[in-house]
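Asker: Single-letter residue listing:
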Amino acid sequence: MEKEQIISVNQLSYSFGEQKVLDHITLNVPKGSIYGFLGPNGSGKTTTIKLLLNLLKNNNTNIQLFGKELNSNREEILKGIGSLIEAPALYHHLSGFDNLKAKAIILGIDNQRIHDILKIVGLTDAAKKKAGKYSLGMKQRLGIGLALLSDPELLILDEPTNGLDPNGIIEIRNLIKKLSSEHQKTIFISSHLLAEVERIATHVGILYKGKLNFEGSIEELQSLKTADICIETNNNETAVDLLTVSHKVISLNNQLRVPFESQQQIAKINKTLVNNGFEVYSIYKEKKDLESIFLDITQTA
Amino acid sequence: MKTFFLSLRSEYFKSRNTLSFWGAIILPTALCFLVFLGFYLKTEDIVSRFKGVPANGNLIWSQYIGAIMGPMGTLLLPVYLIFMTYSVNSIEHKAETWKSLFSLPIPKTTVYFSKALYTLLLVLISMVLFVSLSLGLGLLLGKLSPQLNMMDADVSKISKDLLQVYVKLYIASFGIIAVQFLFSLIWQDFMKPMGLGFVLLVASLIAFQWEYSYLSPFALPIRSIMEGKKELVFFTKELWISLAYAAGFFTLGYFIVTKRSVK
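Taken in order, these protein sequences are the chains called A and B. The numbering of the first sequence is numbering that gives the first Met the number 0, which starts it at 0 and goes up by one. The numbering of the second sequence is numbering that gives the first Met the number 0, which starts it at 0 and goes up by one.
No lab work stands behind these hints: they were computed from the structure. Since the structure is predicted, the reported quantities are computational estimates derived from the model, not experimental observations. Positions of the beta carbon are idealized from the N, C-alpha and C atoms, including for glycine. It cannot be assumed that every hint is accurate.
Quick look at which bits of chain A chain B covers, simulated, 3 or more residues with Cβ under 8 Å [what the hints assert, rightly or not]: (1) 77-89; (2) 100-108.
Chain A is nowhere near these chain B residues, computed Cβ spacing over 12 Å in every case [unchecked claim]: (3) Val46; (4) Ala66; (5) Ala94; (6) Leu119; (7) Val127; (8) Leu128; (9) Gln146; (10) Val154; (11) Asp160; (12) Leu162; (13) Gln163; (14) Val198; (15) Val261.
Could you build all of it, start to finish, from the sequences and the hints given here?
Answerer: And the structure:
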């Protein structure tokens, strides 16, 4: 049976005036997943998130959350979402506790829950300190605390590690893992750092210039970790023509790359090149890491 | 309805330690105490103006109340309104919390109208303080300086008139509040809403003698109390115009907030 989808977006497009920001993207976020929404800066991640939260106007009915259409079930859907968009929105003149309290009043949440949240995000000792005096990491954690306050089923976090030092990044990463494993949240987290997402995500969507170029589980993404044969000759330009006859060849950084099939294939390529008068300086097998897969996915768009 | 009151409570909670809230208390308190002190310290000068005749309590009451209301209605109140509407919205602009407010599971209209009503309530607090402090300190002045004969005056009529004039002043302020509320809602920076507000206020004061000056919301508070001085007609055209401005601009703000995207 197919897993329940918490977010389901179908052919979503969005423009700021003439500029098309999202181009027919389709997203499926399964329940209980940590969904890494990856893409370079300016690829449309925040726009997507703002559309998911009904902050940007979308007149179509192609966004569904918890199986319900967003425009006609706005408040009911928002009850199930906690969000942190861009930099955390905090009242700097209020303490950490009071920032949570201002939201708790509207949502009818008691003080005990505020104390619990402060504990989860590790801010109990700094509860009375003004948020304006918090470090960036503490502000991010308070932002996540605000998102968690109503105990939502879905957490949407937009670049939660942005601007943090390595320690701060580790803290947030551990917190996200904890929220997923101990509190069973579905977490939709956007980032421009593949390495970051790779460490925590169970599912990945890769957005580039408004198009979703990949969506699948982290295992599916990793299965793309194919290997290449890297070749360097005295005349790469001509060698490309020769090898293209029987292989898919990419010329990159003074190297020729051919998708690896077998050891025999390496020997065969070497022989072909030598027999045709090329000097082979190097020929070796190289496994692609996720970073280069990410680059392939985003740059072949 | 419950969400609306919770939202209103949250507005108070957020602003209770800011100048926008304390301004509503400090302005009437400071002004009333200053005028009280002035009258108390200069009691002899005031009595001497009556040249041996016992001081006329009614006249002194009207001078005393006028000394508070004069600067208030002409300049302090409009300036305070411009500042206060700015600061109520700037809390959200500064903290970039509009996106958080509008992603709460409550209708956008609740967020907007609770903020608008909170602004009106702050001004109401200020007006209530003006009435009670004017009266309370006036009575204290009468006790401390019996030679002013303020206790001999018809205090119940004075209280009634005072209340009526401040209710007029309050309603006449709605126009400025609604206009400035909209300005500070759409413009994040300090200069645009405050600058435009001051320019409009000064222009309205300069054009005060113009026969159509009542059409400017910025001239309405002072006009409402000046009209009131002749004979106490409650619902003058100034009040209707102020209410019309409030209805128009609050509705416009509502459409802007609910229809536009939150950046």
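Asker: Please flag the earlier hints that this structure goes against, numbers listed from lowest up.
Answerer: 5, 15
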